[in-house]
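Visitor: So you can see what is in the structure, the chains are spelled out below.
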Amino acid sequence: MLLITCPWCGPRAESEFSCGGEAHIARPLDTDALDDKQWGDYLFMRKNPKGQHFEQWHHSQGCRRWFNAERDTVSYRFKQFYKPGEQPQGVAVASDAVADGTSDTPWATTDAGSVDAGGSKA
Amino acid sequence: MTGSRIDKAGIRLDRKRTVNFRFNGRSYQGFAGDTLASAVLAAGDTVLSRSWKYHRPRAILTCGVEEPAALVQLELGAATIPNAKMPEVELYEGLQSESALPWPSPAKHLLSINRWFTPLFPAGFYYKTFMWPAKAWMWYERFIRKAGGLGAAPTEEDESLYVQQNIHCDVLVVGAGVAGLAAALAAGRSGARVILAELGAHLGGSAHRLQGTINGKPARAWVADAQRELAQMPELRIIRRGVVFGYHDHNFLTIRESLTDHLPLAERSGFRERLWRVRAGQVVLATGAHERPMVFGNNDLPGVMLSSAMADYAELYGVRVGSQIVIASSCDSAYADARLLLAAGATVTVVDTRVGEPAPGCRAHQAQADGITVLRGFVPVLAEGSAAVTGLVVRQMDKDNKASGESRELPCDAIGMAGGWNPAIHLYSHSGGKARWDDELVCFKPGPAMPQQASVGACNATWSLGSSLDEGSLAGAAAATWAGFEARPEAYAVDEPAIKATGTFWIAETGEPLSRRPKAFVDYQNDVSASDIELAIREGFESIEHIKRYTAMGFGTDQGKLGNINGMALAARAMGKPIDKVGTTTFRPNYLPISFGAFAGLERGELFDPARKSSAHDAHVAAGCLFEDVGQWKRPWYFPKPGEDLHQAVNREVMAVRGSVGMLDASTLGKIDIQGPDAAKLLNWVYTNPWLKLEVGKCRYGLMLDENGMVFDDGVTARLGENHFLMTTTTGGAARVLGWLERWVQTEWPDMQVYMSSVTDHWSTFAVVGPQSRAVVQKVLTGVDLSNEAFAFMGWRTATAAGVPARVMRISFSGEMSFEINVPSNAGKHVWNALMEAGKEFGITPYGTEAMHVLRAEKGYIIVGQDTDGSISPYDLGMGGMVSKTKDFLGRRSLTRSDTAKADRKQLVGLLTDEEKLVLPEGAQLTELSQAAPPPVPMIGHVTSSYFSPTLGRSIAMAVVRGGQRRMGQKIHAALADGRYVAATVCSPVFYDPQGKRLHA
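The listed protein sequences correspond, in order, to chains L and G.
The numbering used here applies: residue 1 is where the first sequence begins, and numbers increase by one.
The numbering used here applies: residue 1 is where the second sequence begins, and numbers increase by one.
Keep in mind that the hints were calculated from the coordinates and are not lab data.
All clues stand as given, with none of them false.
Under the rule of at most 20 Å between Cα atoms (straight-line distance), these lysine to aspartate or glutamate pairs were calculated in the EDC-like manner:
1. G/Lys434 with L/Asp72
2. L/Lys83 with G/Asp751
3. G/Lys885 with G/Glu707
4. G/Lys885 with L/Asp30
5. G/Lys613 with G/Glu628
6. L/Lys37 with G/Asp888
Only a predicted model underlies this, so the values are computations on that prediction, with no experimental measurement involved.
Bound conformation, chain G alone (with noise of 0.2 Å):
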């Protein structure tokens, strides 16, 4: 095949713009408006790509999106993309591109190499070599990957911008051929919101290939018009290189919207790629059909193209691939390819696999007259040529279709395949929809629609143009009518030739075995041909999906859009059954590939998780804090001054807490504010422990559990009024806790009268901890008695803080004395400063995270989530006593199932480790064995919780054990992952101050 640029203008060039580009290292020129696969061929281009399995030299077998085979390397560095298929790949200046498959260079003629090893490489090749011995596939693999790589992954990060954009319409049209032209002139005459996708640059589909008029014009002629009139609709949006790549439920669809690749680099600019999310009304699908490819002996050879490709080639870019060029046909659409190619100046051809000789007036006989040579009876042998086609070889069939007759060998340079048309149903087969096989039409068709939704023209397996037109058209105007509008369809007068049943051929059959003639392929792309298929079967593959993994057919980019249907019906052939008894493939989203950049859209970097910060995060910053991520909050975490590490902070920020005061941002604790007649009652029900006769002024703390008595959040929670809480839940657990309360409310108790509101980022809450806190907090607090007498621990007082209104609670998580100061957020960081100020005399210590672990794990406070798993009840915790025996509550009928009652349940307990020093990592299973045994290893329980304690000078761990609570005193081992063994002491948890003398002081 040597193309040429005939002088007869493409439609879609501007042969006064040339364009210059690379490719594979060398300058080319094309027109402005080719694409990258018509600007090759024009230049004569034969060999582009090479094959990932047998290295067979490639060429580009088709002019749109089902291209397996010419894949290219687009650009470099940031803007590289990698495998994009040449034909479509509009042309622009500047473009540089490289075979996906260089290896070989595609320029060398390496075939002899190929197809000597073409018999070593056959289905399951690498499953069956480099499975033995398994460590040595790290070694195979480089090999393979260079051997078989298709394009490379970018290594830079993409520095284009994407967008998505939610639009709802009445109908959206999915392709912009004549048949969804038809049904949005339809749908938008009446004036409906219709949206009409097209993945390509241009309207009419394949309106420039067809032959027959449309109300007396050229069908290329009705589309300009078509077009023209569709522009004039005000709520019609018609969105070109716009891929619908994805049909969902309630047809809720995505569109990827390509909006610069077209351009220049230099001239891109704003976003890339726009994700339309569409939910629409109505949906017709009008998506059009793909060529089938024929499956003959080295049918992979450059030369070698789907019919309709050419005929594009030829009309839209004005490329002739051929001066001699035979197609081989199961089906009239050849003819129309044949005419156009004739009229481009080559010599024609037909093979025909269908028998008898043309009637008068149809496709056949016209072409015949114009000049083409048919020959009707012969089915497609074997290509000839090594770098490039020479000749088809043809055999004719006897009467039982077997080619077992007379044998031609037709020169050409260039061989058309017109092997039917399989319906592009991939988008009703996402929406659910269940595809069938037809006999009569030889291709999958859609099953009955989806809701709201029709297929409308050659994805629907309506092959002529006047069919296309009136189904498009009546499918517009009701799905416009269903939307509430007024909509007709048109009547079009269309005059065409009729359209012969297109043949049944899928490989000739010449009596000889799959495996000993030469490759015939199927899936270009992962070089599986029609005896792979074969040897999959023999070696007892029977389900289509299971012979689709084994051979690797239809898992290239393309998805099996040319191959599939072909290797579907040899598999048949090889079973001896239908088609349809073979099953159908289900296609899923993308139809396309897809970038990453569209689906994360402007949810990158900073916006892909925003972060919450508390009021004070800039002082924090200021104090050289480290943070750490807690859900979506900042907290602080330590606060290191210079030179110190994690732990040297840490245990001078615990011993400033013990010895004088430190100061804790807990402003990240979940609050939720409840008011209603009902609201003690509410809290009644969603915790353990009684709340009715709470005092206002006072607070309480609170275990919540889930149904199965499991403890799920804790936190402090203050009577503020007769009607009014102020609930305080875990960082992390905020959420859930208000939907908990949320659903029960609204779900079951109905008739509750309670009120509930997140305010956690309304207040800020500075805890001020230490024997000197009070002496701090007394210096900003004004209004407030601060005395033991008048304000007790667990108590709660509206004080006035450094001029701000602030509710003052005397609570602690550190076993300290301890005021948290709970000020407007708006006036957080102004609180803050005053009360660093204050405590400057005494020492004040920030402190963070890491530090109240320590603390609260000295005293032996649980935090939900760490020392809690979802399977531990309060009795487990040792909690038994906030457990009430005389109201039920959420969880309560649980704590009595004869599970969760038994003895021998994980219990919270303390650890000593018997070598001081030595801290338990976390999660360190725990076993009563000193030493190390065979597995599997008897283990008790876990560590949960671990660290090195400053204010004992020694290691803590709280830990769940298996009767824990029996094993006080005992010795038992942990398992460390060096295999060490290390003994420790169950105890209790509280390791400090067992008295609570320090939180009365």
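Bound conformation, chain L alone (with noise of 0.2 Å):
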């Protein structure tokens, strides 16, 4: 039972958390101009490192808050826990990898409206 820092809460029991895997993995803000390739790195490909790894988790059964932690996986030795869009300290994350918050507001599209299907099964 891993015991985790909530940045928000404090040291609490891993059972009141649930994993999300690696961390600083950025949503592509235009999927048109990626390959099937390209897409699929996004979508499937982790590092599974042995020792140090970055990582998200998410307080589930607490504040409901997501952070993230540098964890080393082979101690199960926490490093850091540090919140989205932060930087870890002293370390370098590869920099397209961090897009927490650091974005141009990806979800800013416009409601076209020319395909509404909504009624017509409910």
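Take the two lone chains, each set in its own frame, and fit them into one complex as the hints suggest.
Guide: Quick look at the structure:
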């Protein structure tokens, strides 16, 4: 049972959390610009390193906030915890990998409304 | 061996209180403070049980939890405990026990038979003998079970109560021997929160056996002082009868505290066991060591026992296990034991495998001076006797350590084994520590400590009293200091004779092959002998893990606490390798067997998985409803009238909905309230269709995809206001969908101003469905115009339902006109009853999930998780029209991946069987072949939903079929489990009212 420090709630037992896998994988802004392999890399490819690992955790049975952690996958020791959008201390994470909150609002699309199938089936 | 009670009082006995108990059908009497083992020994019993493979007679070997042989079935019925170790059973009035291995009766002397059989049962005997023919195993098994069975599993439900409790502390000290006590004192004096856990009922560990004084007092007196001081510390908690059985990550440890097992059955009340879940800042392991048996011929004869156990029985319980005792020894602790046994009135000889005359002042010399015969440079070869020990054959070693010298036969009635000590590194190993072999100390000892942890005393292979105290005190003070307290170790003045190095002895090197010698046991419980280990290696097993599995060494209830190190050493000897090259055993939780009850705690029965019930649940029960479990929800399944079966009830419910009006309790659907200026943008991202321009007052159906482009939830969302939506999800998917939304907003789109909250339990939802639905709700709802013009399909309105504020949605999951009335759950039952009352004149029929399924399948509406399985895209469902081409949304890019876009994917279609009354089984495989063919039969899909449609008077099915949308009108076949191939025609999944006229009525 790991002891995990939620940046908002402090140290809590692992049973309050769920692990969200590798951190710092930003969703590509222009998905149409990617070929199948590049999109596949975003979707499926994960590092699974032995040793230093940056990963996402969710305080699912607590404050329900997501955060990041640096953990050693061999010793299970946590090195640091930090909020989404923050940079880990003392480590360089690949620059393209940190997109939490740093990008322009990628969700700002327009509603064309041309294919509104809502109501055809309920 | 004939044990007897000596007049000298055992430390733990209260001789004024006698205790009556039963063992193997006979009545016995012991004293308060006895264990089952000590009381039976005192009664002079010799053969207590039989070994499981050879049925050799066995007696008590140890005085602790490492006991491998003396196992009993304790008590009967619901209170029965299988495989209790006799030395750990505290005696109580009325105790009932039977040997766990009584067949044949332990009292019968069938020795000769066992010995004849012995050569027939080599290592791997069962593997080799019962493999062919495979079918015969069932026949063999009956006999093997009878021959090999340990205790019997309880057949009645355990009525005891168990509880679990979380606790935090600065320092957890495991073990209350002298090292643990010193640690607890040093940490506790600082004011730190300390837990001292001791698996036994008493503190002090082996202090009663130790030679030497602490601050001028005998160790036992010091223990009493320490106990008094600890009792005064307000922040220190002592957990007695508390075995630390697991040491997990980040100093999380589990303790099983036994609360009532030591009491007579009638006096037990409250919780039987408490499972402490401890998070400790620092852990001090002071778990001691287990004495190592010695491997020689017939070393399992009743009368052979660990040397320390003999001393324990004498000191603690006033039981002398023999009058003429020989201790075979490789280490100095034998001399302390010998002095105690001498004081108990036995004559004692110590046979020491180490050579050289003892120097004046050393322990061996002191023992000699006391009148103990000491024989140095001799090794044990063979125990003599048939049902009990009559002598020990020893042989002198030459200068090459070969047992080739003089042979002596030492008559005796008990043999002690002092082969050295195995540090109890189990918890250190649980924590991830890597033990290492120490050639000097002749044992495995802890390697580097894990974070915030220390091992002290005998579990750290520290044998002397003084060093154990120093280590304990230092570790306790350091742990408290780490936790922020001011602590200092105590300097103890210890006077003790020096301890000489332990000798290395694994088995007598007589030059004779092990297979020709009498059985010399390594694992007493699983009857693994030295020759079995050699045989395993000869047959090609080289890894210690394989040798263990092949011979079953260490697989008993004692988990190899006694025998594993000897086994590894003998494996190393047979392979000609050093021990550390053979490998180490990784100990895993649990340290001792733990009851399932302790793990379950209070989470049993109704509390195991709490049921969620809708607000109208009582009304459903009163209506005779049967329920279906959906997630944790109890959902109405169907409402049978007297005499109706499932199909009759469902047909009636469906026809009522199509013909007049029915009502469904849809409260279990997930409901998420979404608010904020960017709420519409969020929906636009998570659903495939556009949401920005949905008008307030309207609802819209949405498909939610994962990033692989596969459907993972669906539901209707209503726009309650410009910045306010109410999303519904599938019943089982509510938590998953909320998590999905939260994750994207928090991690990817933190600038989005949107907030969401689960309101599933806050709103009750009742769907009034059918051609007469408007007429029914008209009687109950006020403040709303229900006409088709004012309130069209896919709209929602506020209203008052039987006096309760309500939201009414005109949406449908049946193809009929339908009004879904949402009211606060507190008023749910009231509104349900009002609607039922209002619908009486129309014959309103409550219906459940089964009728709902038929109704939706007649319309071809999917159920996510039934018609989809995580590999179905919107296009596969024929719902490509819902996929926006002009915006990005989660999963969109995947829809054009080469695999997702290929033509022959499995697609949702309808199926009509040629035989109209035949309902295909859900899951049936589909093929183009019309009759059985040799495997592999090419399959093209499977049936996902299948029902008898009372509306159409025939069966209908939905299926996913490879390239299904291009197969319309084709005939395919379903392969049934009984071998039939059933023909069906591929068609649209919309079987009823394809134009949707009834929805808009």
